[in-house]
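Colleague: Each chain is listed here by its residues.
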Amino acid sequence: MQHQGLQQIFEEQREQLLRYLRAHGAGDTAEDLLQELWLKVTAAPGTPIANPPSYLFRAATNLMIDRRRSEAQARRRDREWSDVADRLPDSAANDPGPERRLQGRQALAVVEAELGKLPSRALSIFRAHRIEGRTQREIAASMGLSASTIESDLRMVYRLLDELRERLDEE
Amino acid sequence: MTHDSARREAALDWLVRTNDPEFEGWIEFTAWLEADAANAEAYHALADSELRMRPLIEEAPERDLPAQRPARRGMAIAASVAALAAVATAIVAPRLMPVDYSTGPGEVRIVSLGGQDQLVMNGDTRIALAGFDHRTIRLEQGQVLLRLRDSGQDKVELISGDLKLIDVGTVFEVSRDGSETRVLVSEGAVVADPGGAGLKLAAGQRLDTQDGATLIEAMPADVSSVGAFERGQLSYVDEPLENVAADLRRSTGIDFSTSAAIRARRFSGTLSVAEVKRDPRSLEPLLGVSLEQAGQGWKLGGKV
Numbered sequence: 636m637q638h639q640g641l642q643q644i645f646e647e648q649r650e651q652l653l654r655y656l657r658a659h660g661a662g663d664t665a666e667d668l669l670q671e672l673w674l675k676v677t678a679a680p681g682t683p684i685a686n687p688p689s690y691l692f693r694a695a696t697n698l699m700i701d702r703r704r705s706e707a708q709a710r711r712r713d714r715e716w717s718d719v720a721d722r723l724p725d726s727a728a729n730d731p732g733p734e735r736r737l738q739g740r741q742a743l744a745v746v747e748a749e750l751g752k753l754p755s756r757a758l759s760i761f762r763a764h765r766i767e768g769r770t771q772r773e774i775a776a777s778m779g780l781s782a783s784t785i786e787s788d789l790r791m792v793y794r795l796l797d798e799l800r801e802r803l804d805e806e
Numbered sequence: 003m004t005h006d007s008a009r010r011e012a013a014l015d016w017l018v019r020t021n022d023p024e025f026e027g028w029i030e031f032t033a034w035l036e037a038d039a040a041n042a043e044a045y046h047a048l049a050d051s052e053l054r055m056r057p058l059i060e061e062a063p064e065r066d067l068p069a070q071r072p073a074r075r076g077m078a079i080a081a082s083v084a085a086l087a088a089v090a091t092a093i094v095a096p097r098l099m100p101v102d103y104s105t106g107p108g109e110v111r112i113v114s115l116g117g118q119d120q121l122v123m124n125g126d127t128r129i130a131l132a133g134f135d136h137r138t139i140r141l142e143q144g145q146v147l148l149r150l151r152d153s154g155q156d157k158v159e160l161i162s163g164d165l166k167l168i169d170v171g172t173v174f175e176v177s178r179d180g181s182e183t184r185v186l187v188s189e190g191a192v193v194a195d196p197g198g199a200g201l202k203l204a205a206g207q208r209l210d211t212q213d214g215a216t217l218i219e220a221m222p223a224d225v226s227s228v229g230a231f232e233r234g235q236l237s238y239v240d241e242p243l244e245n246v247a248a249d250l251r252r253s254t255g256i257d258f259s260t261s262a263a264i265r266a267r268r269f270s271g272t273l274s275v276a277e278v279k280r281d282p283r284s285l286e287p288l289l290g291v292s293l294e295q296a297g298q299g300w301k302l303g304g305k306v
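Chains as they are written, first to last, in the working numbering: chain A, 636 to 806; chain B, 3 to 306.
Simulated from the structure, these hints should not be mistaken for lab results.
Yeah, the Cβ is synthetic: ideal placement off N, Cα and C, and Gly gets one too.
Take these hints with a grain of salt, some might be off.
Label-pair restraints from in silico Cβ distances [stated by the list, open to error]:
#1 B:Ala39 <-> A:Ser783: 27 to 37 Å
#2 A:Arg802 <-> B:Gly190: 39 to 49 Å
#3 B:Ala33 <-> A:Ala782: 17 to 27 Å
#4 A:Arg710 <-> B:Val113: 23 to 33 Å
#5 A:Pro683 <-> B:Val113: 35 to 45 Å
Generate coordinates for the entire structure from the input sequences, incorporating the hints supplied.
Modeller: Here's what the structure looks like:
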């Protein structure tokens, strides 16, 4: 699609996109982010876009995921910081206590155990969907499964990856 | 089901739906996000996990995945578990297993910590990078400069003997000699001993301590030398020691002098300015001479 056509749709969707960015927590930066979104969209190579509004919302989603990721990481730093800054010099909390960190090998064992829980079908569906980029409908048709089976398998993988991330972060 | 876990379940549903390239329910999704700011929080936490952990599955060898062999499901599952274990070793292990780096005397080495974060090693330094994504640095010996400017990255933790430091987005230098550790902060701040004393070291402060110390204290410092080693190297080929001493005087500000007996002896090699500045006696093995304190300075002379 030419920029001209996309721009028209961008203008039509402007308010809804702003609302979407704000719903993702963009706050006061929503206008700036919308501008950034437009620059990103126009910088992308001109492959045909089947559904331009959806394409714009998808790009907005990716933008917000990137944005919130770096904000969360900055917050984690600050939190560490205030944890120690708030502490009184003679507080009992200053006692280091026993070393509880998981060692590398234990963490590796956690990863192996967690990933080993994934049924092979869920794994195949996840790969086809998130790595090869096939739609859920295509996967359902090629594997002879219902849409809800595809969804529940994907949920299982997302949930497991989230639990795995939590455990590694604790480490 | 608690409120939070109900929210997480809803967020999982939305992630499954929105990740489908054919998803079109953006208005409905907006409404769910708008209903409560915690909804976006839950959605993004899951999206982040998927993004960070996906490589574990992505790198699994395709042939071991059983999608096309439903008739042999039992074997296929076993194969897939084995493949994942292998991939955990190949993908996660490198991110968890410590990696050692060392430099010879006078050698400066830059190690990227990902993004814009950099670690610069001075000469004669040994470190191990550990922890998930190698954000834990064990300083075994020597001197490192940390330039942590990438706010998008997780914090860095540095361990020197029994002293632990965490960064708060900063530039700082840590030296370890024997059981002594010196920290110099030139930008931002560092927290020393976060699980214990939680001492804040701000820009322009230093900490000198020793393994087993029960008290740690921040002191004001001249931080202009932070990272000087990165620039400061003196290289010689067959240079009279008299000239080397003169160069050292100029670049370290320490009053080095030479005895008549060794003045004409010659030296070939590389000296790190900061190393000499920190520990003038480190010159002894390098130059092959003994050092004696002479007033405010040092006299190079005699034999070793």
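Colleague: Starting from the hint 35 to 45 Å, judge whether the C-beta atoms of proline 683 of chain A and valine 113 of chain B obey it.
Modeller: holds, 44 Å
Colleague: For alanine 33 of chain B and alanine 782 of chain A, compare the CB-CB distance with the range 17 to 27 Å and indicate the outcome.
Modeller: holds, 22 Å
Colleague: Taking 27 to 37 Å as the stated bounds, is the beta-carbon spacing between alanine 39 of chain B and serine 783 of chain A within them?
Modeller: With a Cβ separation near 30 Å, alanine 39 of chain B and serine 783 of chain A satisfy 27 to 37 Å, so the hint holds.
Colleague: Does 23 to 33 Å hold as the CB distance between arginine 710 of chain A and valine 113 of chain B, or does it fail?
Modeller: holds, 26 Å
Colleague: If you check the beta carbons of arginine 802 of chain A and glycine 190 of chain B, does the distance land in 39 to 49 Å?
Modeller: violated, 30 Å
Of the hints listed earlier, the one the structure fails to meet is number 2.
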